[in-house]
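A.B. asks: Below, each chain spelled out in residue letters.
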Amino acid sequence: MTAIKVESASRRSSPGGRDQGRKGPAIGRRLPGGRFLVGLPPYLWLGLFFALPFLIVLKISLAETQIGIPPYKPLLDWAQAGVLELRLNLGNYRTLFSDDLYVIAYLNSLKIAAVSTVLCLLVGYPMAYGIARSSDRHRNALLMLVVLPFWTSFLIRVYAWMGILKTEGLLNAFLLWIGVILQPLQILETDLAVYIGIVYSYLPFMVLPLYATLEKMDRSLLEAAADLGCRPFRAFLSVTLPLSIPGMVAGSMLVFIPAVGEFVIPDLLGGPDTLMIAKILWSEFFDNRDWPVASAIAVAMLVALVAPIMIFQHFQRRATE
Amino acid sequence: MILPLLLALGYAFLYLPIVLLVIYSFNASRLVTVWGGLSTKWYGVLVQDAKILDAAWLSLKVAIITASAATVLGTLAAVVLVRFRRFPGRTLFSGMIAAPLVMPEIITGLAMLLLFIAMEQAIGWPAGRSMTTIVIAHITFCLSFVTVVVQSRLVQMDISLEEAALDLGARPAKVFFVITLPLIAPALAAGWLLAFTLSIDDVVISAFVTGPGATTLPIVIFSKVRLGVSPEINALATVVIVVVSLAIVAAGRFLRPRRQD
Chain A
1 MTAIKVESAS
11 RRSSPGGRDQ
21 GRKGPAIGRR
31 LPGGRFLVGL
41 PPYLWLGLFF
51 ALPFLIVLKI
61 SLAETQIGIP
71 PYKPLLDWAQ
81 AGVLELRLNL
91 GNYRTLFSDD
101 LYVIAYLNSL
111 KIAAVSTVLC
121 LLVGYPMAYG
131 IARSSDRHRN
141 ALLMLVVLPF
151 WTSFLIRVYA
161 WMGILKTEGL
171 LNAFLLWIGV
181 ILQPLQILET
191 DLAVYIGIVY
201 SYLPFMVLPL
211 YATLEKMDRS
221 LLEAAADLGC
231 RPFRAFLSVT
241 LPLSIPGMVA
251 GSMLVFIPAV
261 GEFVIPDLLG
271 GPDTLMIAKI
281 LWSEFFDNRD
291 WPVASAIAVA
301 MLVALVAPIM
311 IFQHFQRRAT
321 E
Chain B
1 MILPLLLALG
11 YAFLYLPIVL
21 LVIYSFNASR
31 LVTVWGGLST
41 KWYGVLVQDA
51 KILDAAWLSL
61 KVAIITASAA
71 TVLGTLAAVV
81 LVRFRRFPGR
91 TLFSGMIAAP
101 LVMPEIITGL
111 AMLLLFIAME
121 QAIGWPAGRS
131 MTTIVIAHIT
141 FCLSFVTVVV
151 QSRLVQMDIS
161 LEEAALDLGA
171 RPAKVFFVIT
181 LPLIAPALAA
191 GWLLAFTLSI
201 DDVVISAFVT
211 GPGATTLPIV
221 IFSKVRLGVS
231 PEINALATVV
241 IVVVSLAIVA
251 AGRFLRPRRQ
261 D
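Chain order of the listed sequences is A and B.
Residue 10 in my numbering sits at position 10 of the first sequence; the count goes up by one each step and never skips.
Residue 56 in my numbering sits at position 56 of the second sequence; the count goes up by one each step and never skips.
Just so you know, not all the hints are guaranteed correct.
[Unchecked claim] Calculated lysine-lysine pairs in the DSSO-like style (CA-CA distance at most 30 Å, straight line):
| # | chain 1 | residue 1 | chain 2 | residue 2 |
| --- | --- | --- | --- | --- |
| 1 | B | LYS224 | B | LYS41 |
| 2 | A | LYS279 | B | LYS224 |
| 3 | B | LYS174 | B | LYS51 |
| 4 | A | LYS59 | A | LYS216 |
| 5 | B | LYS61 | B | LYS51 |
| 6 | A | LYS279 | B | LYS51 |
[To be verified] Partial pick of chain A residues on the chain B-facing surface, computed with a CB cut under 8 Å:
| # | residue |
| --- | --- |
| 7 | GLY130 |
| 8 | ALA300 |
| 9 | ALA304 |
No lab work stands behind these hints, which were simulated from the structure alone.
Backbone N, C-alpha and C fix where the C-beta goes; we use that ideal spot for every residue, glycine too.
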């Protein structure tokens with residue numbers, strides 16, 4: 001009896017009866033009022049605390065800087081005769097493009113992210129390949145060991161490298177001791193330290209998608225190649241490598257996207273010459289208190305990330321289909 | 001064979017910095033990289049540092065509240081995305097779930113702070129920056145991670161169990177609590193742990209939305225670390241690493257038997 005009642009309620013909720021007879025979302029289909037209640041809290045939360053803030057950033061990026069609280073002028077203003085006046089100021093964006101500092105930092109962020117991604121791929125690929133080829137007994141433990149550092153503090157892992165890389169640090173002490181170098185090298189506060197930091201921090205994000213594609217690969221393809229007289233290395237190049245491209249792309253995007261906006265690593269490991277856009281944003285906001293320019297930088301950063309995010313989602317959708 | 005060697009080098013790269021950090025936390029010398037004999041004195045300094053203990057306590061509170069709220073909201077969002085096929089604004093909704101996963105923290109932090117300031121001007125709440133604003137910001141960026149974890153579990157779940165319960169006359173809310181929730185409980189636990197970890201580890205977003213009197217542990221560590229390496233931070237880092245490792249082992253034990261339902 002109840003079931004029939006619920007069924008008729010669901011018919012009312014789907015005009016034209018398009019959902020009828022479809023297998024699938026049971027609760028959703030039969031719950032017209034509850035549906036609303038379930039969806040409302042996360043929807044409202046994200047709308048208020050995630051979407052709205054970005055509109056505010058966009059708004060402030062178009063405002064003029066002023067000295068005061070808040071340090072920008074309102075966009076909408078009541079002009080004298082009760083006329084609402086809208087003032088859009090593209091000056092902040094013009095500043096971004098005309099001042100070399102921003103352009104260089106912007107391009108440098110992309111460069112550092114790209115180089116780190118390639119390095120991460122070079123380190124991560126053999127690891128993912130090794131794990132995928134290991135025996136069933138060891139595979140889970142090896143995977144677990146890749147993920148484990150991710151759960152320990154990111155900040156602490158970056159900090160660990162400071163003691164290793166600094167001029168009187170452990171790496172230099174070691175290199176001096178084995179006699180490879182005679183003078184300690186300046187590694188901390190260079191781009192090299194930032195590369196090491198990014199590769200180290202984001203390695204799990206590269207290894208996991210790579211492992212997922214390599215593990216799914218059909219082994220009989222390699223056997224077929226071997227039967228046809230293909231040497232193992234050649235088979236790797238012409239069979240394994242092309243088949244692992246989706247994993248390579250997914251892993252690369254997972255490293256590249258956060259690396260572009262990385263702040264903690266260049267701040268702790270990089271030097272004053274290591275210009276990255278997130279560092280500039282931080283100092284514009286906290287040191288110069290220039291909110292409009294900081295907001296404009298945030299918008300420009302998002303624009304740079306749209307393309308890689310779309311590539312990532314495209315490959316993700318193909319992988320899940 | 002070159003592959004095991006590369007694998008070993010990879011793991012050495014991952015673990016050597018952590019191991020060195022732990023070893024040097026027992027260094028008696030104030031100079032962090034000069035070995036001055038075995039000592040636990042930096043742990044003594046650590047437990048007397050009221051600032052660090054207060055910050056650790058605040059971080060723990062923030063992380064527990066964040067993880068719990070993000071698990072509730074994230075689970076609701078996952079149910080919406082998996083079970084409700086069509087509703088107005090679905091594209092916007094799934095976009096708002098996916099975006100925080102890839103958003104650079106510095107942008108999220110800036111945007112949240114500007115929102116809080118605008119809200120304070122408009123409606124007078126939240127008054128100033130405090131633990132409340134940190135919790136709100138953390139819930140916002142952790143929610144999506146919970147959603148992703150729960151979503152994958154919901155997709156795998158056998159839908160006919162829900163349908164059977166509905167056909168037998170159970171009301172949808174009851175079906176959710178009696179059938180769906182126990183089945184996806186491991187994903188909820190995993191999501192909670194992930195949100196907890198992300199919250200207790202966050203420095204950039206917290207730095208934007210924090211105010212006087214609300215200093216979380218990562219903010220304290222970050223401001224000290226910016227000045228250079230210190231043995232006290234090594235000791236603190238070791239404590240964090242040990243606690244996290246124990247928690248992961250415990251969570252693994254707790255979650256494993258349930259996974260075979």
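A.B. asks: Could you run down the list of hints and mark each one as holding or not?
C.D. replies: Going down the list of hints, with the structure as the test:
A threshold of 30 Å between alpha carbons decides the hint, and for LYS224 of chain B with LYS41 of chain B the separation of about 19 Å falls inside it, so the pair holds. A hinted pair counts as satisfied when its Cα atoms are at most 30 Å apart, and LYS279 of chain A with LYS224 of chain B qualifies at roughly 18 Å. Our distance criterion of 30 Å between C-alpha atoms is broken by LYS174 of chain B and LYS51 of chain B, whose separation comes to about 47 Å. Between LYS59 of chain A and LYS216 of chain A, the direct Cα distance comes to roughly 47 Å. Violation of the 30 Å bound is thereby established for this hinted pair.
Of the pairs offered as hints, the one joining LYS61 of chain B and LYS51 of chain B holds, with about 16 Å between alpha carbons and a cut-off of 30 Å not exceeded. About 27 Å separates the Cα atoms of LYS279 of chain A and LYS51 of chain B, which keeps this hinted pair within 30 Å; it holds. For the restraint placing GLY130 of chain A at the interface with chain B, the shortest Cβ-Cβ distance is roughly 4 Å, inside the 8 Å limit, so the hint holds. Taking 8 Å as the C-beta contact cut-off toward chain B, the hint placing ALA300 of chain A at the interface is violated, the least distance being around 10 Å.
Taking 8 Å as the C-beta contact cut-off toward chain B, the hint placing ALA304 of chain A at the interface is violated, the least distance being around 10 Å.
This entry does not satisfy hints 3, 4, 8 and 9, going by the numbered hints stated previously.
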